[in-house]
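Kindly generate the complete structure, drawing on both the sequences and the hints.
Keeping their order, the protein sequence lines are chains A, B, C, D, E and F.
The first sequence begins at 1 in our numbering and counts up by one.
The second sequence begins at 1 in our numbering and counts up by one.
The third sequence begins at 1 in our numbering and counts up by one.
The fourth sequence begins at 1 in our numbering and counts up by one.
The fifth sequence begins at 1 in our numbering and counts up by one.
The sixth sequence begins at 1 in our numbering and counts up by one.
Think of the hints as simulated: they come from the structure by calculation, not from any bench.
Hints are supplied without guarantee of correctness; some may be wrong.
Unchecked claim - Derived DEER-like restraints, expressed as beta-carbon distance ranges:
#1 R92(A) - E54(E): 25 to 33 Å
#2 K23(A) - A60(B): 50 to 58 Å
#3 P4(B) - L93(F): 48 to 56 Å
#4 D97(B) - S27(A): 31 to 39 Å
#5 P2(B) - R26(C): 42 to 50 Å
#6 K129(C) - K129(B): 31 to 39 Å
#7 P2(D) - S27(F): 48 to 56 Å
Given the structure is predicted, the values throughout are model-derived calculations rather than measurements.
We put the beta carbon where it would ideally sit given N, CA and C, even for glycine.
Protein chains: 6
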Amino acid sequence: MPLPLIEQADATPDVRAVYDDIKETRSVPDVNNFWKAIAHHPATLARTWESLKEVMAPGALDPLVKEMIFVAVSVTNNCQYCIRSHEAAARRLGMTDAQFGELMAVVGMANETNRLAVGYQVDLDERLK
Amino acid sequence: MPLPLIEQADATPDVRAVYDDIKETRSVPDVNNFWKAIAHHPATLARTWESLKEVMAPGALDPLVKEMIFVAVSVTNNCQYCIRSHEAAARRLGMTDAQFGELMAVVGMANETNRLAVGYQVDLDERLK
Amino acid sequence: MPLPLIEQADATPDVRAVYDDIKETRSVPDVNNFWKAIAHHPATLARTWESLKEVMAPGALDPLVKEMIFVAVSVTNNCQYCIRSHEAAARRLGMTDAQFGELMAVVGMANETNRLAVGYQVDLDERLK
Amino acid sequence: MPLPLIEQADATPDVRAVYDDIKETRSVPDVNNFWKAIAHHPATLARTWESLKEVMAPGALDPLVKEMIFVAVSVTNNCQYCIRSHEAAARRLGMTDAQFGELMAVVGMANETNRLAVGYQVDLDERLK
Amino acid sequence: MPLPLIEQADATPDVRAVYDDIKETRSVPDVNNFWKAIAHHPATLARTWESLKEVMAPGALDPLVKEMIFVAVSVTNNCQYCIRSHEAAARRLGMTDAQFGELMAVVGMANETNRLAVGYQVDLDERLK
Amino acid sequence: MPLPLIEQADATPDVRAVYDDIKETRSVPDVNNFWKAIAHHPATLARTWESLKEVMAPGALDPLVKEMIFVAVSVTNNCQYCIRSHEAAARRLGMTDAQFGELMAVVGMANETNRLAVGYQVDLDERLK
Chain A
1 MPLPLIEQAD ATPDVRAVYD DIKETRSVPD VNNFWKAIAH HPATLARTWE
51 SLKEVMAPGA LDPLVKEMIF VAVSVTNNCQ YCIRSHEAAA RRLGMTDAQF
101 GELMAVVGMA NETNRLAVGY QVDLDERLK
Chain B
1 MPLPLIEQAD ATPDVRAVYD DIKETRSVPD VNNFWKAIAH HPATLARTWE
51 SLKEVMAPGA LDPLVKEMIF VAVSVTNNCQ YCIRSHEAAA RRLGMTDAQF
101 GELMAVVGMA NETNRLAVGY QVDLDERLK
Chain C
1 MPLPLIEQAD ATPDVRAVYD DIKETRSVPD VNNFWKAIAH HPATLARTWE
51 SLKEVMAPGA LDPLVKEMIF VAVSVTNNCQ YCIRSHEAAA RRLGMTDAQF
101 GELMAVVGMA NETNRLAVGY QVDLDERLK
Chain D
1 MPLPLIEQAD ATPDVRAVYD DIKETRSVPD VNNFWKAIAH HPATLARTWE
51 SLKEVMAPGA LDPLVKEMIF VAVSVTNNCQ YCIRSHEAAA RRLGMTDAQF
101 GELMAVVGMA NETNRLAVGY QVDLDERLK
Chain E
1 MPLPLIEQAD ATPDVRAVYD DIKETRSVPD VNNFWKAIAH HPATLARTWE
51 SLKEVMAPGA LDPLVKEMIF VAVSVTNNCQ YCIRSHEAAA RRLGMTDAQF
101 GELMAVVGMA NETNRLAVGY QVDLDERLK
Chain F
1 MPLPLIEQAD ATPDVRAVYD DIKETRSVPD VNNFWKAIAH HPATLARTWE
51 SLKEVMAPGA LDPLVKEMIF VAVSVTNNCQ YCIRSHEAAA RRLGMTDAQF
101 GELMAVVGMA NETNRLAVGY QVDLDERLK
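This is the structure:
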């Protein structure tokens, strides 16, 4: 019952233009299912792609660091599609097994200590205010 | 009604030993309230500190990247204490305003696209399986 | 290892009475798997059905609006079963593809700006207090 | 801007009847702010109280165990009001500091290993299917 | 330690241009603290405002329905700032106390049944696939 | 694309030592996939096992109560693997169907009332401060 994916051949011109920009920007032969799903709402497709392109571009943070942060959020949100697609992107940018292992270790610990801070209802330190 | 903080002067020897190690490792004059709160369960204090020390040590990932991942998880979990204390740690390691801004931009976008992927119920691409 | 579904034929009289009420209220030939699963705890089955019937009834909000709110929460919680069953209910009440697209756009944006508000630790405006 | 609390003196008869039942059931002189807030929607007040009374009653699980589970969920959801009020309820039922400490340790570990299972995308073991 | 708010008088021209558009679009004398906080990253300010303006505009869904969906997500994410500001927006668009009460009832029930569906590990019905 | 599981025969000595300790401690013929997945980062494997062994040991709380708390957190986090494996552990320790049913009822109610408390923005009672 999920909406069927919209393939390039069946896409309207505005959708096809976004697909073409994704393929060119990323040098990939086809766009991921994510884009083919949200293409049902062309305004969301265009807006999301423009935003993502801007946010993930090199800047004050390295693109690999950005992809690892994306994975950290996706793991915390428990979104399988998001983990897989952004882990793949991080590996294309050079993430090693050891880096993935440390990434998971930090994500796990952060989730643990977050709950301890919440559960013990810790007040902000004066120097953190 | 949260448990009172356990200060160094009132701590048992095992708790004091952990406090001393935290202060020496981090070169700080006092430990954060977080540690003074979980010290009510000395086993949790000792285990959490040993784990955190190991996980956040330099390794395949840079310590600043680790702190930014910690912030990303804490923002996604909406834990104010955790955001403040780890943002402070990231700034001590050199995080600039521009880096913090990009970090937030990625965390925000990841949360947005996570929901779009979930809501459109996107199936995994063959190449991601 | 999930508990087997309890079909009408194998149900105790109290469970069967709830099934009958669901089928009559919704004019459906059979109840969803959700009800057949929680029927393992008949008190939860009866209480949940009575509550849901009351909460989702027409009132100050339109039933379609209620189902879309249910989908918004389910997407935010990443519950696949919940998204599918309430998206189906919303479509039966007339939700169009364009409405679903806008619903997802709002859910996505809300999750993004929620994280930005949390990450930047925004204080409440005076006029919001 | 949160809605003002509805005190007993200003309550309609149906709201007052619920307040009276809460006070009698719990042997307390006044109801918590939670009830005075949701009393703005009397149907939600009545339904929630009836459900909670039924769910938290002694049964196959001990009332103290139920309150500790309530705290575990509230910590995971990061709901300060919920943690405080149910921690207080658990303490009234006899929860010791040592039990609270172990409760937090389990909640913390569960949140950590949940993320590791998700991040490493662990498939179900054959014997768990 | 949260970043100080950037007031109109101290803003760079690109930030001021966004503030002016927000004030004109919403007919308000000043922008909310949210915008003054994310203005530290002008690209995020501009992108978020353009996206929000587009997403929340009247379309296939009524603006009030969109604001109530925003509140539903914010409650589920436990973001106080987000609840307050979007509840205020919904009230400006005409949300009554009775509608707010029903909104909360649906959000509460959705969160309850989401957990029951997850905890009982309910398989998708054939007709939902 | 998830990392392949590391079986005992292919494991390095340090990983094998942890596997052996898990099997002996739990009297099981093989370790769960969870351990075979995180074994890609041996430090995480060793640390997580040592922590889990310590946290889940009998103490001020009964081991069955601890496993039910673990299930409660895993349901709230929507982690299928975690629910299945810890539900299995709880059943091995004697959890009955009636206890599981009550556990789910409490988890469901806690998630509902958590959202009501958050949505109505309830202030802490004086006696809870």
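Against the earlier hints, flag every one the structure doesn't satisfy and list their numbers going up.
Of the numbered hints, 2, 3 and 6 do not hold.
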